[in-house]
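**Student:** The primary structure of each chain is shown beneath.
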Amino acid sequence: MDIFNNMILGFTVAFTPWNLFYCLFGALIGTLIGVLPGVGPAATIALLLPFTFNVPPVTALIMLAGIYYGSQYGGSTTSILVNIPGESSSVVTCLDGYAMARQGRAGPALAIAAMGSFFAGCVATVIICLLAPTLGELALKFGPAEYFSMMVLGLVGATMLAHGSLLKAIAMILFGLVLGLVGTDVNSGTRRFTFGISTLFDGIDFVVVVMGLFGLAEIISSLDHEKKKEILTTKVSGLMPTRSDLKASWKAVIRGTVLGSVLGILPGGGAILSSFASYALEKRIASDPSRFGIGAIEGVAGPESANNAGAQTSFIPMLTLGIPTNGVMALMLGAMMIHGITPGPRVMVERPDLFWGLIVSMWVGNLMLVVLNLPLIGIWVRLLTVPYRFLYPAIVMFCCIGVYSLNNSIFDLAMATGFGIVGYILLKLDCEPAPLVLGFILGPMMEIYFRRAMVLSRGDFTVFFTQPISLTMLLAAAILLLMNIAPIVRHKREEVF
Amino acid sequence: MRIRIRNGKDFYAGLFFFFIGIVTVLEARAYSIGTARSMGPGYFPILLGYLLLMIGGGTAIRGLWLKGEGIKISSIRPLLMVSGAVLSFAFLLKPCGLILALLALVFISCLGSREFRIRYAVILFFVLAAIATVLFVYVLGLPLPLFWSK
Amino acid sequence: MRKKLMLSLMSLALIATAFVPYPDSALAQTYPTKPINFIVPFPAGTGNDVIARTIGDKLSKSLGKPVVVDNKAGATGAIAGEAAAKAPPDGYTIFIPSTTLSINMSVSKVPYDLVKDFTPVALVGVMPNCLLVPSSLPVKSIKELIELAKSKPGQLNFGSNGFGGAPHLLAEMLKIAGQIDIVHVAYKGTNEVVADLLAGRVQLLFAPLTTGIPLIKDGRLRILGVASDKRSPALPNVPTMAEVGFPALAIPNWYAVVAPAGTPKAIITKLNTEITKIMAMDDVKERLTNLGVEPRSSTPEEAAAYIKQDVAKWAKVIRDSGVQMK
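Residue numbers (our numbering), protein chains in the order written: chain U, 1 to 497; chain A, 498 to 647; chain Y, 648 to 973.
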């Protein structure tokens, strides 16, 4: 069968010593990058791009791809250990992952994240092999109306990220939406909320917000509780997940993989939603949703699988259509072009060695990462036993250098401090940061897609309801909203009576 | 008539969001609003601003009615020290170089802990400075000046 | 007594020579004595960046001192522009602006002036924009496109990579020159538009040739014209805007290496000599051509004239089209 031959071709390409070496190298660097808060895969790939000029294109791509998903693996590590998401897709892992770490269960959390990611990576690779061109076409069916409705669904789901007051979660989402609007308006060129500061013309950097809100705020909060020592548990109960952990997680992993694979294909920002969507899904169908936010392993297993699946399938639009789905893909596209390769459906035909070699090496990379990361868990967990008073200045340092490395900007550091203070105050007021982050990411996209849909439909509102995919999403959002509000309404009624 | 704040957390959270809402609306009035069919840059921000005003106000009022917990802050020291550490790093980095900036960062952030001891801070500084130099400057090649520039 | 006087006079003379300014040529011979900062206005991986790294790498070898690429992205090049303009003109800072910085001078207020704040070293590359349409659109030439647009006023959409960018402005000029009514749909970055172009939601797009060429290989998109006055060697069968009667749109994207105004002429000449040699190297030419950029070289004076002309051309485009950033 054709696919079989292609796989063999892919294996022969991927398993040359040079390519294996570069795959490992990329994965290692990627993991390092992912673990370091603030330093992202885009910056690293850009830095290493010149090194790739002197190697054959397949090798270059294998290394760059390794960096990319290596950083996904590494990003979950910091989310779980120190509550700082390395990537936007790791934000959700902070919720239950960090909670598990505080209960001494960092080991199982890290292990499940790695295993779930590996499973998702394998499945996603198979999906790419079998369905790449079809999925590429599916991506084109999503127009601005569909994306807008998807964002609406995402926002409704965002309310589920908090396990406290719904009203405050909504307020945090709105605050996040406003923060996301800071910058230059794409349609009119107007600079909004920039107060004349040129660094803000391109908006507030995601890393700055997250470092402050998740990293610094959490440190201040932990120091505040130092007397009680409830956070500083040094007791670690086992490195590996227990049987009940695995039993609870495997379905979440599968669901997350499916969700991530589908959402990763959408060029307009689907991959970011995959981990959020998985979390919301798990919480919704769990028998006891109140466990979420304080250490439910499904809250780690699902989202981690989802974001790794999404990371892999996001290669599809780039390889089959030549459309990059995010900044990292754009760099890889540039790398391909510098080497004289033009992506598109032709790539599969003209350079099958490249296409299939890359795909097989994705799987190899995932394997290498699991082999690398599982033993590392022991080291990470041991790291957590270091007394907090030594650990937190190190975290502060990594945050500072991470933020500075974005734009070499002191203003960014000042903003991160501001977010840290505000984040701390909000934590004291029982307002959780995760919904804000989702609002921050979705806000500008929602506005852009709505306005674009309006322009394309020449002011016709019904376009959101007449397009089938869009209508489905909106209906799902409405249903989800009702399902979330219903218990509250019932509760209030009981109160009154 | 004395108004008692029953739920400090709700009340102040509500005020905070109300305030954000006000700032948003005030800023957004300067941008053209347009219509729902053809939104200008100001439409979405003003919408969000008004929503924040409503929800913030509602939460604050709820804080007056329903009973809840007050805000507990043991000490303002961690807040001051962590912010101070980051800001001093920020302002010392370019003029004085990475090493001195890290010195300030490590010492000031260590002050945020109740268990501060100079000995620990010094050792920590050396360890972290070494890690930072090797990792960020040599391995990753970030443009961080180690010492003061001429 | 006389001897002492002679000695004092001689020592004074010796000391005085320390205050005599170093002759220009001597300076150029010792230059560079320390690393050179190469400011790039866009993030790593973009055209400016790749060209800067390519040139910088070769320049380090020929000059003997490292050339460090410094990405100062932000505000579509304004942050880098300001930093480069304010850098000391001692030859240790060079900058690689491109068309976007020229356009922005007229579209919004920027803290730099390409003509006044810089002394150009050399033009290094030119890359025209091309006009892309989906192959589902029944037009094979620009003339047919204009006719189609006239028959369907207000129905065709054009995409752009953002308000005030070259694709937006070129399309506005097409509107005026062709007297057609097409609707602007703004996107954040060219890649997003391409998806909608492929799907047929947007009917035309001006995009850099780099982006365009790979997309026509599988036939989904067509390039109707090249926004330049010379045909592109990569697409010899595609007419230019000048040929089809729209000379006002013949403004290609350019890349140039410049230094802050006041940099000594000897240093500029030395840099120019080295860069001209670099641009003639085969591997450099190949890398740029793969990117879609036509490598160029020039004298500093030619570069200066080119940039000045370009700023004026875009100023006229912006005046005529009425596009202004608030």
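Rather than coming from a laboratory, the hints here were simulated on the basis of the structure. As the structure is a computational prediction, the values presented were derived from the model and not from experiment. Among the hints, a few may not be true.
As the list claims (entries may be wrong) - FRET-style restraints, in silico, Cβ to Cβ:
| # | chain 1 | residue 1 | chain 2 | residue 2 | range |
| --- | --- | --- | --- | --- | --- |
| 1 | A | Leu632 | U | Pro387 | 20 to 26 Å |
| 2 | U | Leu471 | Y | Gly847 | 19 to 25 Å |
| 3 | A | Leu632 | Y | Pro785 | 45 to 51 Å |
| 4 | A | Lys591 | U | Ile488 | 48 to 54 Å |
| 5 | U | Leu471 | A | Lys591 | 52 to 58 Å |
| 6 | A | Ile573 | U | Glu137 | 23 to 29 Å |
Unchecked claim - With a Cα cut of at most 30 Å, we get these calculated BS3-like pairs of lysine-lysine:
| # | chain 1 | residue 1 | chain 2 | residue 2 |
| --- | --- | --- | --- | --- |
| 7 | U | Lys141 | Y | Lys822 |
| 8 | Y | Lys787 | Y | Lys822 |
| 9 | U | Lys428 | A | Lys564 |
| 10 | Y | Lys733 | Y | Lys963 |
| 11 | U | Lys141 | Y | Lys799 |
| 12 | Y | Lys756 | Y | Lys733 |
| 13 | Y | Lys763 | A | Lys591 |
| 14 | Y | Lys864 | U | Lys141 |
| 15 | Y | Lys712 | A | Lys591 |
| 16 | Y | Lys877 | Y | Lys963 |
| 17 | Y | Lys797 | U | Lys141 |
| 18 | Y | Lys681 | A | Lys591 |
| 19 | Y | Lys787 | Y | Lys960 |
| 20 | Y | Lys790 | Y | Lys963 |
| 21 | Y | Lys963 | Y | Lys756 |
| 22 | Y | Lys797 | Y | Lys960 |
| 23 | A | Lys591 | U | Lys428 |
| 24 | Y | Lys756 | A | Lys591 |
| 25 | Y | Lys708 | A | Lys591 |
| 26 | Y | Lys712 | Y | Lys912 |
| 27 | Y | Lys835 | Y | Lys912 |
| 28 | Y | Lys960 | U | Lys141 |
| 29 | U | Lys141 | Y | Lys787 |
| 30 | Y | Lys917 | Y | Lys963 |
| 31 | A | Lys591 | Y | Lys733 |
For glycine and all other residues, C-beta sits at the position ideal for the given N, C-alpha and C.
**Student:** Does each hint fit the structure? Answer for all of them.
**Tutor:** Consistency of the hints with the structure:
no., hint, verdict
1, A:Leu632 to U:Pro387: 20 to 26 Å, "holds, 22 Å"
2, U:Leu471 to Y:Gly847: 19 to 25 Å, "holds, 21 Å"
3, A:Leu632 to Y:Pro785: 45 to 51 Å, "violated, 58 Å"
4, A:Lys591 to U:Ile488: 48 to 54 Å, "holds, 51 Å"
5, U:Leu471 to A:Lys591: 52 to 58 Å, "holds, 54 Å"
6, A:Ile573 to U:Glu137: 23 to 29 Å, "violated, 58 Å"
7, U:Lys141 to Y:Lys822, "holds, 29 Å"
8, Y:Lys787 to Y:Lys822, "holds, 19 Å"
9, U:Lys428 to A:Lys564, "holds, 17 Å"
10, Y:Lys733 to Y:Lys963, "holds, 27 Å"
11, U:Lys141 to Y:Lys799, "holds, 25 Å"
12, Y:Lys756 to Y:Lys733, "holds, 17 Å"
13, Y:Lys763 to A:Lys591, "holds, 29 Å"
14, Y:Lys864 to U:Lys141, "holds, 21 Å"
15, Y:Lys712 to A:Lys591, "holds, 23 Å"
16, Y:Lys877 to Y:Lys963, "holds, 21 Å"
17, Y:Lys797 to U:Lys141, "holds, 28 Å"
18, Y:Lys681 to A:Lys591, "holds, 19 Å"
19, Y:Lys787 to Y:Lys960, "holds, 29 Å"
20, Y:Lys790 to Y:Lys963, "holds, 24 Å"
21, Y:Lys963 to Y:Lys756, "holds, 16 Å"
22, Y:Lys797 to Y:Lys960, "holds, 27 Å"
23, A:Lys591 to U:Lys428, "violated, 34 Å"
24, Y:Lys756 to A:Lys591, "holds, 28 Å"
25, Y:Lys708 to A:Lys591, "holds, 29 Å"
26, Y:Lys712 to Y:Lys912, "holds, 20 Å"
27, Y:Lys835 to Y:Lys912, "violated, 41 Å"
28, Y:Lys960 to U:Lys141, "violated, 39 Å"
29, U:Lys141 to Y:Lys787, "holds, 25 Å"
30, Y:Lys917 to Y:Lys963, "violated, 35 Å"
31, A:Lys591 to Y:Lys733, "holds, 17 Å"
In summary, the structure is inconsistent with hints 3, 6, 23, 27, 28 and 30 from the numbered list given earlier, while agreeing with the others.
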